[in-house]
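Asker: Okay, here's what each chain looks like letter by letter:
There are 2 protein chains.
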Amino acid sequence: MKKHTHIALILAFVGGTSTAWSSEPIQPISPVKEINLAQVELGKKLYFDPRLSKSGFISCNSCHNLSMGGTDNLKTSIGHNWHQGPINAPTVLNSSLNLAQFWDGRAADLKEQAGGPIANPGEMAFTHTLALDVLASIPAYVTEFKQVFGNADINIDQVTQAIAEFEKTLVTPNSRFDQWLLGNKDAITADELAGYNLFKESGCSGCHNGAAVGGNSYQKMGLVEPYKANSPAEGRVAVTGDEADRFKFKVPTLRNVELTYPYFHDGEAETLTEAVNIMGRVQLGKKFTKAENAKIVAFLKTLTGDQPSFQLPILPPSTDRTPQPKPFE
Amino acid sequence: MKKHTHIALILAFVGGTSTAWSSEPIQPISPVKEINLAQVELGKKLYFDPRLSKSGFISCNSCHNLSMGGTDNLKTSIGHNWHQGPINAPTVLNSSLNLAQFWDGRAADLKEQAGGPIANPGEMAFTHTLALDVLASIPAYVTEFKQVFGNADINIDQVTQAIAEFEKTLVTPNSRFDQWLLGNKDAITADELAGYNLFKESGCSGCHNGAAVGGNSYQKMGLVEPYKANSPAEGRVAVTGDEADRFKFKVPTLRNVELTYPYFHDGEAETLTEAVNIMGRVQLGKKFTKAENAKIVAFLKTLTGDQPSFQLPILPPSTDRTPQPKPFE
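As given, the protein sequences belong to chains P and V, one line each in that order.
Okay, so the first sequence: first residue is 1 according to the working numbering, each after it adds one.
Okay, so the second sequence: first residue is 1 according to the working numbering, each after it adds one.
So here's chain P without its partners, still in its complex pose (with noise of 0.2 Å):
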């Protein structure tokens, strides 16, 4: 019965006729299809497992928490020895539906960033190759490894993949605004279709569009009017070099916004009333009035959609060949 909505409605947009989202910026979240089932459950392990980490004490999950709208909910994260990260941890949900990795997009893809927090000295403080070897004293991983990717040595691809082929499952739907997308109208109150109008007659919608109301595109933090930041972060120059990219982030997704709290790339807006002021100042020169920003707020809290639901894995014992972590070196 879904299905048959489904494909009428494809039908509809293919054909042009206006369906009840056709015509809108921002489009409902699809749910997981073609995905490698057992490299999501190998991944899913992996996301889980500290020992990933020098420390032995920090997972993906640490940071990108999926109790947590899959963030640390920290103005920016704690890694390795309590250091202080540079930068807000952004959602893993949806995070597929990004055009790049990172705030600042140096990461091609999931499997491309799904390497970096391993090996970065102030996250999990580790070396692909110590990791590797962790991985290969594990006899249970090995046999994993070996049935999903046929090969006998565990390499960083694998895991990478593994990873990434299991947060492509992150992904949220049925928000209650999608249930409006797709056809309830109830699914809404009046105050949050009002918002969700002056979010796009404001111009909000013009950088938070698409399936993830965001994540498509690089933006200047304070195109407007400057932003200041405390922040060391530049943004996008880092990766390009180019003067013009300075301050440039990709525009985070607005899918779960009510769990992923603190905002912006440097975590400073810590509700969203503060993050939807600040943005309608320094991005739109608009000076929203409560009365608005409450309508905006209202309809941005709609946009939370299904958290992804799974058992709890358990994590295959170490050997006694297994390196032991080092947390206090």
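The hints are simulated quantities; they were obtained by calculation from the structure and are not laboratory data.
You may find that some hints are simply not true.
[Stated by the list, open to error] Each computed PhoX-like pair below joins lysine-lysine, with the alpha-carbon atoms no more than 25 Å apart:
{"no.": "1", "chain 1": "P", "residue 1": "Lys45", "chain 2": "V", "residue 2": "Lys45"}
{"no.": "2", "chain 1": "V", "residue 1": "Lys185", "chain 2": "V", "residue 2": "Lys200"}
{"no.": "3", "chain 1": "V", "residue 1": "Lys185", "chain 2": "V", "residue 2": "Lys301"}
{"no.": "4", "chain 1": "V", "residue 1": "Lys301", "chain 2": "P", "residue 2": "Lys45"}
{"no.": "5", "chain 1": "V", "residue 1": "Lys185", "chain 2": "P", "residue 2": "Lys326"}
{"no.": "6", "chain 1": "V", "residue 1": "Lys45", "chain 2": "P", "residue 2": "Lys301"}
{"no.": "7", "chain 1": "V", "residue 1": "Lys326", "chain 2": "P", "residue 2": "Lys228"}
{"no.": "8", "chain 1": "V", "residue 1": "Lys146", "chain 2": "V", "residue 2": "Lys200"}
Please arrange chain V on chain P, whose structure you already have, making use of the hints.
Answerer: The following block gives chain V in isolation, referenced to the frame of chain P:
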């Protein structure tokens, strides 16, 4: 069918008739009974919620990781600001069977234990009052506490009660050894059975007995030969003030011991082989041969039971009123 067998065994036991395990020093782990499911579901969220720590980064699950045998698999734990803990984190699995909690038994039960790490400056570094402020600012928690406990206000007694009730569910029945105890003679190999017999004959089961294979007495570490420790932990004397209790620790459970490395209160034994050798020497005055040691280790690995299996909890989001975490202060 299974229920029927169970009843039959109980009847046999009550009647004094010898059953598969009535004459053994180890009893099977029972599945959870008589649990308050609403408290369990609330407690599960609290167990995974890092907002009970000052940093917003450390939860119960950080050091008692349910993906890793209910431990952190570190020699000693990492606390707030990367503080190096003084002692090895004991497993939360089957901890409801312990005669008391912590290595020195300073908490009478799980409920009393649960409040400790939250307020310990070297662990979660928070206060009970601040933790309650956080919870009270989150409407979904307020509603759930009201549903579960009926009171208008959240108090620490309810927080620790819910966490303890969740922890009571963390039992691990159905290990191969328990299957053997319950009559399936093929559940363990001849070598594993030989290891069990050695375990009994050598005196290990003098302390490691009962359903938890430990956890039911305090014993001096270094009974026959002094145990050389670098650890500051002085044992139960810290609780009783009685010099006779110096270096007396709660005998740890050996359930899931394959998963709960490294071993001893100081985490100094990295492998089961090493732990069995040291225990033999300092507790029993015995030097196991390599073959004997291997058999005992093989037996110990039959004590790995079904790990608790549940959906990763999704935590209710903070609100504008929620006090901010302070990881770097």
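Asker: Each hint: holds or not?
Answerer: Hint check results:
A distance of roughly 21 Å separates the Cα atoms of Lys45/P and Lys45/V; the hinted pair therefore holds under the 25 Å criterion. Of the supplied pair hints, the one linking Lys185/V and Lys200/V holds, its CA atoms being roughly 18 Å apart against a limit of 25 Å. Between the alpha carbons of Lys185/V and Lys301/V the distance comes to roughly 16 Å, so the proposed pair stays at or under 25 Å and holds. Distance hint between Lys301/V and Lys45/P is fulfilled; the C-alpha atoms sit about 22 Å from each other, no more than 25 Å.
Only pairs whose Cα atoms come within 25 Å are accepted, and Lys185/V paired with Lys326/P is rejected, the gap being roughly 42 Å. Restraint check for Lys45/V and Lys301/P: the C-alpha separation of about 22 Å stays at or below 25 Å, so the hint holds. Taken as a hint, the Lys326/V and Lys228/P pair is honoured in the structure, with Cα atoms around 22 Å apart against an allowance of 25 Å. Our distance criterion of 25 Å between C-alpha atoms is broken by Lys146/V and Lys200/V, whose separation comes to about 50 Å.
Hint compliance for this structure: hints 5, 8 are not met, and every other hint is.
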